[in-house]
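2 protein chains.
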Amino acid sequence: INNRVQQVIINPNPDENVKLGFSKPRHIGVVFSGGPAPGGHNVIAGIFDEMKRFNSASKMFGFIKGPEGMLENRYIEITAGLVDTHRNMGGFNMIKTGRTKIDSGSKMELALTVCKGLKLDALVIIGGDDSNTNAAFLAQHFKSSGIKVIGIPKTIDGDIQVKTEDGKVLCATSFGFHSAARAFAQNIANLANDGSSDIKYWHVCKVMGRVASHLTLETALQTHVNIALIGEELADYVDQERMSKAREQGEQIDYNAYGMTLRHLSRMICDIIVRRAAFGKNYGLMIIPEGILEFINEIQLFITKLNKIIADYNRIHDLDFHRSFPTLNEKLDYLRRISQGMMDKGRFPIWNIRDDELFNQLPGFFREGLLVERDLHGNFQFSQVETEKIIMDMVKEYLDVLREQGRYKVGILRDDYVSLMDDAGMDPELFAPTLFKNPQDKYVLVKPDIISLKTLKLALVNAGMLDSEEETPQIFVNIFKKSQAEFKIQTHFYGYDGRGTDPTYFDCCYAYNLGLTAFHLIAGGATGQMAAIINLEKEIDQWQPAGIPIARLMHLEERKGRLELVMEKSIVDLESNAFKVFKAIREDWVAACACPDRFRNPGAIGFSKEMEEDRPLTLQLNALQFQE
Amino acid sequence: INNRVQQVIINPNPDENVKLGFSKPRHIGVVFSGGPAPGGHNVIAGIFDEMKRFNSASKMFGFIKGPEGMLENRYIEITAGLVDTHRNMGGFNMIKTGRTKIDSGSKMELALTVCKGLKLDALVIIGGDDSNTNAAFLAQHFKSSGIKVIGIPKTIDGDIQVKTEDGKVLCATSFGFHSAARAFAQNIANLANDGSSDIKYWHVCKVMGRVASHLTLETALQTHVNIALIGEELADYVDQERMSKAREQGEQIDYNAYGMTLRHLSRMICDIIVRRAAFGKNYGLMIIPEGILEFINEIQLFITKLNKIIADYNRIHDLDFHRSFPTLNEKLDYLRRISQGMMDKGRFPIWNIRDDELFNQLPGFFREGLLVERDLHGNFQFSQVETEKIIMDMVKEYLDVLREQGRYKVGILRDDYVSLMDDAGMDPELFAPTLFKNPQDKYVLVKPDIISLKTLKLALVNAGMLDSEEETPQIFVNIFKKSQAEFKIQTHFYGYDGRGTDPTYFDCCYAYNLGLTAFHLIAGGATGQMAAIINLEKEIDQWQPAGIPIARLMHLEERKGRLELVMEKSIVDLESNAFKVFKAIREDWVAACACPDRFRNPGAIGFSKEMEEDRPLTLQLNALQFQE
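Which chain is which? The protein sequence lines are A and B, in order.
Residue numbers for the first sequence follow this note's numbering, beginning at 690 and rising by one.
Residue numbers for the second sequence follow this note's numbering, beginning at 690 and rising by one.
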């Protein structure tokens, strides 16, 4: 099955053999695997319609609740009625989905028996990277039986992408990605509306995407939020400044030591918050990908190091680390002793003083999380952690410091200042240089050393504008209060709601065409291939169906401590146009200037041309007169 | 200003005075107050268009950032360009909003000065119940100046509703309610799609609505979720069974003692979860209103009693309760001593053993929350509490009990059982009576006493189907495992996203017409009135504009310990058709039977007639060829 990428070409004058290949009656099985993605029903519709077009006696069977249904012989026949009621609808309700893996020889054999029992000619697996990997193994296993296996690239995460070696795009994205991103974007655009009306919250939106930040990037491009964190960019970060300083001092360079830290990340976020506040915008929108922590070099290093320390302890002392140091404090103590005692043991001690310092800056519950016993595979359970809480707690803490230093302040529109002073009968020009560090700017900022009513009075007294015995006039108190920055956040998680949305028109068409393609691949005799559409960015009449041999997409990867052959997930390419455009334009979206915000509202997902015309049901029901 | 409800009637042949009243040049001020609601910009558009229609020299001013702008003389002139860029758009971005209250004589005087400075003829306040109350007081204060004040009923909560004494509806709902409910409903319908595809989660959705459950009711009617808790119904609940038992035993009846408890509520929820699971549906959707805890009799009683106990302690001992008992355990100890020591002091001791028992069943963090020091006004801070967590923690705990008792199990489709047994070469009919308590039903339930592999074996051995030395055949293990019910939840909060949505077509029209009405009220010389539209449930050509005197809607209410005259919030009327329909039909939505789920997807909010035709931006950008 290690064949070449094949393009599905509709031959206008097929010879008799090919005709026969298409028109012979078939039994095709189909199964969903993994989380739902909008458009799944259209894949089924595409296969079904094309199959019936060539031979109305052909039959289609859907395995129930995912691969489990294949192992347990649970299926329904998919009828035209079923297809029509689910066409263009979100979810995988028609036959449900599941996460059972067909990952052993005996399970594959069982699946084969079931497929043979149904006299299947082909099986179509609609799933993510793992499921397509699985499709390839099944294709291999089913080969001698003659049952073809075709995969369909499904995942809202958008991390199935395929290019040829010379860079030609074969599969630009999976179906479902667009719909999910648009659903997230709609909610986030709504938050932008709310946030820029109510002007007091930073809305922090976590969106699905554990391994790749495609959804964050797409959603950011759709909505122009002030901050969007792209995990891949953070992972790529090197602190050039610190590194060149170390180089100057003749130190040997450990590149890992200059990667992204939580501390640095929180500083970057604070910088934007403070800059916006200076222009009166003490509110904003931020998107973070669900898997952000896994991209932060520091966290990865901590995990690696702690694993090593604990393993070493257990080996050397023949004792269990967690038994020996049951409390967090005892564990931290032990770590501190390592950091001090091992300093002279080598150039790169596994736990140095800097590690210890940085580690102790993490929130307590997160340190605890990193230090508790791992799961059976020794993996840290990221999913247990409230990602956004960890990051935003550090942000809050640093904002407190900046506030103390007088650097986090809300800028006041100069015109407002002038009008307030005029109303109070004071001369704005006289007092401005005493109060503000930039008295002539459009937005004026109270001086950093004025951080309380006391320091406010001091500034006025020192400038000779107030007698030290006098009370500070109320107008100055009011102006000072306006400059005080509170930091309020609302956190949101968008995931399941976007996964379950009805598909966009694009995903409807894309998924349907993947179904058509799958049928053509089957009829053409292919197996172990993933259906794909080339030219997705063009008009539909220029779309080109294709089959991509899955085996060629695989690589070896460590999974739960074992090397396994799996399909590679595509992460955000920092050299891609999309990322570069985002990078080039994002400072504009920060809108830290005397300018309007750049938020964009992509609008609702809607397939129908009809207008939304309902009234509240409560209203209509309450207005009904019942005969009792 | 205590005038009568007046209907705005467009006189086809107005006399000269009336004509003059409409066509004289005017200055109208407008201000948003409180949280954004979709449609706000259309109110402004309605006033603006109508004002300009009668006299193009009239001017409109918008106060910036809510009532604060009125006090600080910050405003912009609202131009046709501004109106047109915001027409039909969500949010209150045009002039922002705020929560400053004009609640003292001096502030009212300041506001009057500002309004006079702008030569205003009228001020329109777009806000909730409090803001309309405020509008009435301002109208009174502004009366001698000739400046009219008109309120507009705005709130997504839908708790501004007005009827005449004989039941005629003057104001059926506020603008923004429909849009928010539809936005929530869309997300929740998406979750229904996802949930019924992935079939493993209960999605628990908290929606905004602290004082009334209108949004929960509307959203439930839009989506047909399995469970929707209506706070007003819970508040109304009386445990008839327990009460009549007490009556039989000749006890004096304290009605408060038989109201809703958290424990009872969690039992009710568990009942539905268990019943759905019995038909293979170990997943579902649930909506709870943000303010649910405030409707639970038990919680209200606890708060009242604890307040009294603490106040008594402080008074009697001349000590501070929180200083005397700094830890939670000490506080609980003190409570227990009261419950025991005071038993004989009266029929209704303030803290009896039952109180103590029930209190100790609450989650620790919630007990702590109830026992910490109150805010300055002695109020408990409900907003600090994760409502859904408290309720779902109790649900989880009780489900654990039910699982132990063999009462929470996943039903298995009998056909699946038969097919599994057939595949394993076993006779399904032979074993069914041993395994299942309802062996002939469409969904079979494993017997309650089979709760482990051990008890499974025992059942088979006791029935003579297995020798006690033999291993349990794998097929039975598999069937047993299918019957085991895990309970997984995902919680969601929908609020700010719905508040910021673009308005539905209904809210666009409603808000615009409120604006038109406001102008007519002003031109007609009214003040202290709230604009309203009668017949909202009918076609637009049957809508009737009206003005409702706000003073007549007010009543005395305790706010922060003081009695204040405020507009009454409308809560869900348990006698309303909407609630009765919901109540009559909700068991159908539970769908605890061999039937499909009843979820409904109301679709997206869309004003435009155009189709959604975009492709992912990342896709399009990546496909572009840049010249570098």
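Since the hints were made in silico from the structure, they are not lab data.
We treat Cβ as the ideally placed atom computed from N, Cα and C, and that holds for glycine.
Errors might be hidden in some of the hints.
To be verified - Partial list, computed: chain B residues near chain A (C-beta under 8 angstroms): (1) E761; (2) N762; (3) S793; (4) N882; (5) S885; (6) G1095; (7) Y1185; (8) P1238; (9) I1294.
Looking at the structure, which of the earlier hints fail to hold? 3, 6 and 8
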